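S.K.: Each chain, written out:
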Amino acid sequence: MKAQVPVAQHESRLRVIARNALPFVVVAAAWEALAYAGVFPARLFPPVETVAAALVRLTVAGILPHHALDTVLRLSGGFILAAIAGVAVGIAMGRWRLAEDVFLPLVSIGAPIPGLAYAPLFLLWFGLGNLSAVLLVGFVSAFPIIFNTWTGVKAVKEVWVRSAQAMGADNRRLFRHIILPGALPYILTGLRLGLAQAWRILVGVEMLAAVPWGLGWLIFGSREFLNTDVMLAGIIVIAIIGLALEKLVFQRIEDFTIVRWGMMK
Amino acid sequence: MVRRTVVTLLAAAALYEAAARSGIFPAVLVPTLPKVARTLVNLVQDGTMLWHVSYTLARVMCGFALAIVVGLPLGILMGRIRALENFVMPLASALMPIPSLAWVPVFILWFGLGDIVTALIVFYAAMFPMLLNAWTGVRAVNPIWLRAAGAMGAGEGALFRKVIIPGTLPFIITGLRQAFQRSWIAVIGAEMLAASDWGLGWVIFDAKEFLNADVMMASLIVIGGIGYAFERLVFGSLERITVLRWGMVQAAKS
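Those sequence lines, one after another, are chains W and A. Quick note: the first sequence uses our numbering, first residue 1, plus one each step. Quick note: the second sequence uses our numbering, first residue 1, plus one each step.
Quick caveat, the hints were computed from the structure, so don't treat them as lab data. Here the structure is a predicted model, which means the values were calculated and not measured. The reader is advised that the hints may include incorrect statements.
In silico DMTMM-like cross-links for lysine to aspartate or glutamate, where the CA-CA straight-line distance does not exceed 25 Å [unchecked claim]:
| id | chain 1 | residue 1 | chain 2 | residue 2 |
| --- | --- | --- | --- | --- |
| 1 | A | K35 | A | E17 |
| 2 | W | K247 | A | E85 |
| 3 | A | K208 | W | E224 |
| 4 | A | K208 | A | D46 |
| 5 | W | K157 | W | E254 |
| 6 | A | K35 | A | D46 |
Looking at chain W on its own, in the form it has when it is part of the complex (with noise of 0.2 Å):
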């Protein structure tokens, strides 16, 4: 995606906004069309400016950011606890290794399972609602962490590490000074795969743990009342999360990841 910026530059910011919006009238005008078409009932293909109504009533009404805060929270409930625990644990399994062996086989039958089909055992286990939804998305979001530390931690050069036991480092300066930097990358990478992977479940997860706030359980339970409206303005505002993960997280994380490899200065 950054490849477009040297095309985009010697084109004014005006023309470039207005590139970026054209798609998105297009796909309104044609929804606006089909939904005046009445071809479908107007409950359940609402017009754009019902859904706009909608997310600006339960916005003010102050129901919305309930519902948002309510996610973000769980997610990053979740993925503090994966992040922990998973660096925790690639960080033993690199150095250590009885760790290594102990995990690796285990990390390597569940991690290709996917994430929600743990969900009913863990309802199971720990009941409906907040703790079993934030240990779910913790529990699937440390795969990739666990993976990719262990990666960086195997990845430090060996040379590095005798360099500095010969220059006298004890175990923890080892630690901090060779081993962490030298994995960091590859943590970065884990623990963006972690997010990315705890957010594309966290919304099932919530329409199947039946807890009292959240954006999934928002549009699951609209459905009861065919409230369609309801649900594209819970669906615009996971987008709105969503796409701030990426810029906010994730891009950020990469471009830092970027200049350490010295990939780029």
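The hints should help you fit chain A onto chain W, whose structure is shown.
M.R.: Just chain A now, kept in the frame of chain W:
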């Protein structure tokens, strides 16, 4: 390596078995391994598991095939035609961050419970990795190859078949792989939410109602097994017979 893996797995199994038999947890929630194995064998023998698997595979294949049919040509054309790229990219980047499962309730309202919803969710999940990889791949084709082929008198058709497609293939295969992984996650989730009577996702979720943890675990084993088989056997061999053979990429891993 193999021996260590076996030792670890045996130890983990023994630990689990001890926990299951200790009576600390209710036996329904933590079934013993022989019970899970027996359930799995029973489900396979009476044919129900086979039906669940075929329903799930059929849904995944419909959505996945649709994503290839739409995403692949669109991605390739986007790489060649600027106007199309300018039109599709903003839409794609707005839709991409929306997890596919968020659409399940909307699609249920539009299309009713059942196969169409599941297949469409799979399509949505698989579409973007396919599209983006094809697009990136076409743009990554070395321009020198294009010019060289053009200088040697290749027409647009030959250029496409002989240069662009083979040059893009590693990306396309990566796209297929990612798309399938996403599809596999999406189909399980969609089957849980848009339940019909068959499907691996449905069977797991349904088992929760009856506290059949053994059925859940048996299905988890099947789900993991199929996912693993696709990743290793299908896409691995696809890679071997195409890009590795043509020397487009080196066989790097393992």
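S.K.: Enumerate the violated hints, using their earlier numbering and listing them in ascending order.
M.R.: Those not satisfied: there are none.
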